[in-house]
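Participant: Now for the letters of each chain:
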Amino acid sequence: MATYIARSKQVAARMLGGEMMIMSPRDTTLFNLNDVGSVIWESADGQTPLDDIIERLCVEFDVAPEVARQDAETFIHELAEHGIMHVSDQPITAEPPRQESK
Amino acid sequence: MTLTATHELAIDIGGMPILVRTDSAEFAALLEDRYGSFINRADRPGGLSRFSLDIDLIPPRTILEDEDVSVRLEAGRWIITRGDFRAEFDPRTGHGWVRQSPNPYSIDGVLRILHSLFLAREGGFLVHAASAVRNGRAFLFAGVSGAGKTTLSRLAPPDAEVLTDEISYVRPAVTEPRPSGSGYVAFGTPFAGELARIGANLRAPLAALYLLVQGSENRIEPVDPNEAARAVLRNILFFAHDEELVGEVFKSVVDFVARVPVRRLLFTPDARVWELIV
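Chains as they are written, first to last, in numbering that gives the first Met the number 0: chain P, 0 to 101; chain Y, 0 to 277.
Just chain P, with the same shape it has in the complex (with noise of 0.2 Å):
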């Protein structure tokens, strides 16, 4: 089954010598994307299967399929659990109901 992932549209995000910093408005956590990050922050459009980024991962940084799955992974449910990334089996086209935090 294909993923989906989608950039929230609440976050505030800005690039800052030469690294993207966003913050979840929810909580004020502050987040500094590396290249691997920000590779998959400007992919989360929703639209593009995880697995296609999976594999932009490994042509833009020469890493094995498995490493590359496994960093996204981790990066990804990150940011979900601060509300600035969704995930879905289906393409996302609007922004998803919002979870009150706990």
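Source of the hints: derived by calculation from the structure; they are not laboratory data. One or more hints might be untrue.
As the list claims (entries may be wrong) - Chain P stretches covered by chain Y per the calculated footprint, using a threshold of three residues with CB under 8 Å from any CB of chain Y:
| id | segment |
| --- | --- |
| 1 | 2-14 |
| 2 | 19-25 |
Claimed, not checked - To give an idea of the chain Y side of the interface with chain P (calculated C-beta under 10 Å), a few residues:
| id | residue |
| --- | --- |
| 3 | D223 |
| 4 | N225 |
| 5 | L232 |
| 6 | D254 |
A virtual CB, placed ideally from N, CA and C, is assigned to each residue, including glycine.
With chain P fixed as given, assemble chain Y onto it according to the hints.
Facilitator: For chain Y alone, kept in the frame of chain P given last:
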């Protein structure tokens, strides 16, 4: 029927005067005393002030000092509460009111919060920092309580004007006739810390922001842009539970760090540290 005179004072901080109205001559006098040179005597109703506040004075009562400030948007109006006051402000009309006892601390809190909201919409912010003007340029010294903001302010040489020892006021310089190289301007504020003295009512192009660290020598160190952004964000004053505005403040700080030199200032508590601030 009793006719009560209304007293009006424009408290002009950061170039954004707020016209404050009260029926109490005593409270008006207290405000005059508290805000000193920040009272804009040229301003009158329908004049410079885009914003106004009516003060509804209530008798002093027991205050729950630990009660946190709450700032939230309801039906387009800011509802601002703390143990010692309740205020509402409508950003569409620029008008609001404050219910408080006759003391200077409550209105001070309301003003800080309102200015933080005004600034969030235009790329500026309030930050826990001392600031001073020297040679026509402003310098900020940011740090938490105990970092040395008041100490550095006390050590300021005669040719440096202290803008504040506690809360600095930063705005983009878009409306300035002669923008600084950094594109930002620092304003004096009446928001004092341990110095217990209002700042000079001045503005100047912002030259640099220093992160204060007390050490065994006076030295300036470079700071990585991401570390700078995180450090400035930690010192920002922002109270509103509003995700859109929180995001705006984040962008403002990152834009600020991209343009204004941010350095670490290690210093010993003696006046020679000011030899580095030129």
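Participant: Interface hint check: D254/Y, Cβ to nearest Cβ on chain P, cutoff 10 Å. Holds or violated?
Facilitator: 7 Å, holds
Participant: With 10 Å as the cut and Cβ atoms as the points, is L232/Y at the interface with chain P?
Facilitator: 7 Å, holds
Participant: Is the interface hint for N225/Y satisfied, with its Cβ closer than 10 Å to some Cβ of chain P?
Facilitator: Holds: closest Cβ of chain P sits about 5 Å from N225/Y, inside 10 Å.
Participant: Quick check: the segment 2-14 of chain P, covered by chain Y? Criterion 3+ residues, Cβ under 8 Å.
Facilitator: Coverage by chain Y holds here, the residue count being 4 at a Cβ distance below 8 Å.
Participant: Using 10 Å as the Cβ threshold, decide whether D223/Y counts as touching chain P.
Facilitator: 7 Å, holds
Participant: Establish whether the coverage given for the segment 19-25 of chain P by chain Y is satisfied; the threshold is a Cβ-Cβ distance below 8 Å, and no fewer than three residues must meet it.
Facilitator: holds (count 4)
In terms of the numbered hints stated before, the structure departs from none.
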